[in-house]
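Top line first, the protein sequences correspond to chains B and S.
Just so you know, the working numbering puts 75 at position 75 of the first sequence, and the rest follows in order with no gaps.
Heads up: take any position in the second sequence, counting from 1, add 1000, and you land on the working numbering.
Source of the hints: derived by calculation from the structure; they are not laboratory data.
Wrong hints could be hidden among the right ones.
Said to hold, decoys possible - Partner residues aside, some chain B positions facing chain S, computed with beta carbon under 7 Å:
{"#": "1", "residue": "Y33"}
{"#": "2", "residue": "I45"}
{"#": "3", "residue": "A87"}
{"#": "4", "residue": "F90"}
{"#": "5", "residue": "R98"}
To be verified - Simulated DEER-style distance windows between Cβ atoms:
{"#": "6", "chain 1": "B", "residue 1": "T59", "chain 2": "S", "residue 2": "H1076", "range": "31 to 39 Å"}
{"#": "7", "chain 1": "B", "residue 1": "P61", "chain 2": "S", "residue 2": "P1114", "range": "40 to 48 Å"}
{"#": "8", "chain 1": "B", "residue 1": "S20", "chain 2": "S", "residue 2": "G1041", "range": "17 to 25 Å"}
{"#": "9", "chain 1": "S", "residue 1": "N1067", "chain 2": "B", "residue 2": "L54", "range": "30 to 38 Å"}
{"#": "10", "chain 1": "S", "residue 1": "D1053", "chain 2": "B", "residue 2": "K44", "range": "25 to 33 Å"}
{"#": "11", "chain 1": "S", "residue 1": "K1071", "chain 2": "B", "residue 2": "N17", "range": "38 to 46 Å"}
{"#": "12", "chain 1": "S", "residue 1": "E1056", "chain 2": "B", "residue 2": "P8", "range": "36 to 44 Å"}
{"#": "13", "chain 1": "S", "residue 1": "S1095", "chain 2": "B", "residue 2": "T111", "range": "32 to 40 Å"}
{"#": "14", "chain 1": "B", "residue 1": "S20", "chain 2": "S", "residue 2": "K1058", "range": "39 to 47 Å"}
{"#": "15", "chain 1": "B", "residue 1": "G101", "chain 2": "S", "residue 2": "I1020", "range": "19 to 27 Å"}
Unchecked claim - Among chain S residues calculated to face chain B with C-beta under 8 Å, some are:
{"#": "16", "residue": "F1039"}
{"#": "17", "residue": "K1042"}
{"#": "18", "residue": "L1046"}
{"#": "19", "residue": "D1100"}
{"#": "20", "residue": "F1104"}
{"#": "21", "residue": "G1107"}
Heads up, the beta-carbon is just placed ideally off N, CA and C, and yes, glycines get one too.
Take a look at the letters that make up each chain.
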Amino acid sequence: DTAVSQTPKYLVTQMGNDKSIKCEQNLGHDTMYWYKQDSKKFLKIMFSYNNKELIINETVPNRFSPKSPDKAHLNLHINSLELGDSAVYFCASSQDARNYGYTFGSGTRLTVV
Amino acid sequence: QQQVKQSPQSLIVQKGGISIINCAYENTAFDYFPWYQQFPGKGPALLIAIRPDVSEKKEGRFTISFNKSAKQFSLHIMDSQPGDSATYFCAASSSGGGADGLTFGKGTHLIIQP
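Produce the entire structure from the sequences given, and follow the hints as far as they go.
Structure below.
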């Protein structure tokens, strides 16, 4: 059983489209995250979500919005996609909000053309 | 502002040698320092982590050395093997939580030559 699973693994779409990436964790963790890895492999946090509290990194455009139907799921919706959104997006989870012991998913490679 | 600086950017080591990757941090609130290993097409995987109350932690061939006063920590991979070839990230976080989550270094691309 995969601990943190993301779908799809690859996503190719045109500029201006709206797309979603799904994430599920079966670890019973309380906190989930979205990270963006750019072409130089730099990992940067986008959101953390704990117990219905959303913490947003101030640099994330408001075209990005996380949605959490329950503790085990944190989906990422992106509106009006731009070329610069092309990256690998990783979902992660941790037991609580103390930022310890993240488990990452295998990533979604988003390509905007 | 890059809060965790990692070096070198790339590293080539002969099989059986010692691989050393260094990181430095600025935020004195950081109290958790993990290292992650990432293979192509995969997500980062936790390798080993240390807290500032100890100066060294060893797990198998992997050792973290931590210098609190210098705000530096390093990963040593002993008897490096071709299977260790991957990208390694140091990271840091504050147990108080907060918006920054885990702050990552920019990564080191490690190649172990047979």
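Next on the checklist: Of the numbered hints stated earlier in the document, which are not met by this structure?
Outcome noted: 3 and 16
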